Amino acid sequence: MYWPHLIKALRAREGLTQAELAARIGVDQTAISRWERSGDEPSLRHRRVLRELYRRNLASRQDRAVRMRVENGFQPQTLLARGAVFIEINEAGAKEARVRREALKGRSIYGAFGPVTDEVTRQWEGTGIFDGEIAMAMSVNRLSGPEGTGSCVRTLDTPYFTSDGEVWCITELMRITEEMFETLRRQWGGDTVSLAFDTL
1427 MYWPHLIKAL RAREGLTQAE LAARIGVDQT AISRWERSGD EPSLRHRRVL RELYRRNLAS
1487 RQDRAVRMRV ENGFQPQTLL ARGAVFIEIN EAGAKEARVR REALKGRSIY GAFGPVTDEV
1547 TRQWEGTGIF DGEIAMAMSV NRLSGPEGTG SCVRTLDTPY FTSDGEVWCI TELMRITEEM
1607 FETLRRQWGG DTVSLAFDTL
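Reading the sequence shown from the start, the letters are residues 1427 to 1626 in the working numbering.
Hints listed in this document are in silico derivations from the structure and should not be mistaken for laboratory results.
Here the structure is a predicted model, which means the values were calculated and not measured.
Idealized CB from N, CA, C, for every residue including glycine.
The hints are all genuine.
Label-pair distances were calculated between CB atoms; the ranges are:
(1) R1526 with S1459: 30 to 36 Å
(2) M1562 with R1526: 24 to 30 Å
(3) N1498 with M1606: 24 to 30 Å
(4) T1456 with L1582: 40 to 46 Å
Work out the full structure, taking the sequences as your base and the hints as a guide.
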């Protein structure tokens, strides 16, 4: 689940065809196609190359400042790109999600916290947050951890428009009780609620 999202997001961000990405990392175009369709997974070496390509600094000082702001923030925060890929997550955010920060950078949410989180993330991405249509979104989610552990979280998401036209998402998260999780789901009528720019 993870590699198709990361590869598609990387190609979209860089404006690369499958053949161009294949040439850049030294594989055949059919390998990229298989990876995007979940027919196969990249080798360890190619995984490292793909992650590094994705993590590369994307330009301006403002973009770097936003990354640093999230990385060093006091409150739990993440910075996500299309495909729900972690560009940054701060220590407070990793602690709130009960994961190691290093384990998430460059990785997609998909496949990291269980199938319930994958489904909520699909709904959340479907709001248009990475298309620049949404001014703000809020979600509640159940994160599955190792050995049956887990937690409920609430998120507040706002878009950030990068210097090269990409949309990133700054997310604040907070662990909540099961009772609060159910209350918010009832109030919102689902796991996610959003506010479009054209309604402001």
